[in-house]
Amino acid sequence: MDNLRGSLWMILAMAAFAVEDTFIKTAAIALPVGEIIALFGLGGTAIFLGLTWARGERALVPEAARPVMLLRIGFEIGGRVFFTLSLAFTTLSATSAILQAAPLVVTLGAALVFGERVGWRRWSAIAIGFAGVLLILRPLPQSFDPASLLAVAALLGFAGRDLMTRAAPPILSRMQLGVWGFAVLIPTGAAMVAVTGGARLPQGSEALALCGAIGFGVLAYYALTAAMRMGEVAVVTPFRYTRLLFALILGAWLFGERPDLLTLAGAAVIVGSGLYTLLRQRRVPPPPAAAR
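Here UniProt numbering is used: the first residue of the sequence shown is 1, the next is one more, and so on.
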């Protein structure tokens, strides 16, 4: 029963993430990307500060200044900036499809950075997954869109953030990590606006889009946390890929996106490779305990 509830929480989280992306893309039609990032960070910081204090925790703790946390912040900034730029300049469908390769990149990083054991089958799945990314990018002179590299940069940023989260001090709760993850977006967005200009007070539908992005972003974060704590990780994690389904539906419905055959094929290859990697990970026995 816990696995069923965890899976439902994961599906809710992915649906909320897809709606959040839709609101951000809508806001980016009229507002500068830097302003969106700064206001998104401001709203998320306020909410997570409240949740942190409600749990009797402090946001300012010495562990937040450790080198691994600074690396996490750097990856968080890179992932969020490039992701927002990708939503602004490319389709929701293509951006979401490329980001589905994140579990593959995390698996690769875990092997290279943490020395985790990865057999030849999972290495093969990672390589095939990256081939799926190339199908979407189509790196040929006549069909390549340089803006699609924004999603690749976002993918690397978010994967690096997830890896650094695994190495973060265990004393830091998810709420405290959420505070810092959102807080660093405020000066980042402000710096972007200082360079690009064009900031103005959001009006009407723009303000609603930003509020929607913040609200659904927090809901998604909460649902994701509930899913990972309630069910077995190997059972609930595959439902992350439902985010692509929601993105395809919302992209077609709201923005008139019609992904071509290569994009859909690339997305299918990425999802299939990721699912296989997760299944193989369940079968790999844990390393023997070290002798005392």
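Don't read these hints as lab results, they were simulated from the structure.
Computed from a prediction, not measured in an experiment: that's the story for all the values here.
Cβ atoms here follow ideal geometry from the backbone N, Cα and C, with glycine treated the same way.
Worth double-checking, as some hints may not be accurate.
Across the chosen pairs, the derived CB separations fall in these ranges [as the list claims (entries may be wrong)]: (1) Thr225 x Ala167: 38 to 44 Å; (2) Ser173 x Gly74: 19 to 25 Å; (3) Thr196 x Arg58: 31 to 37 Å; (4) Gly50 x Phe114: 44 to 50 Å; (5) Ser173 x Pro146: 35 to 41 Å; (6) Phe144 x Ala167: 42 to 48 Å.
Here is how each hint holds up against the structure:
| no. | hint | result |
| --- | --- | --- |
| 1 | Thr225 x Ala167: 38 to 44 Å | violated (19 Å) |
| 2 | Ser173 x Gly74: 19 to 25 Å | holds (21 Å) |
| 3 | Thr196 x Arg58: 31 to 37 Å | holds (35 Å) |
| 4 | Gly50 x Phe114: 44 to 50 Å | violated (34 Å) |
| 5 | Ser173 x Pro146: 35 to 41 Å | holds (40 Å) |
| 6 | Phe144 x Ala167: 42 to 48 Å | violated (35 Å) |
The structure does not agree with the numbered hints 1, 4, 6 stated previously, though it agrees with the rest.
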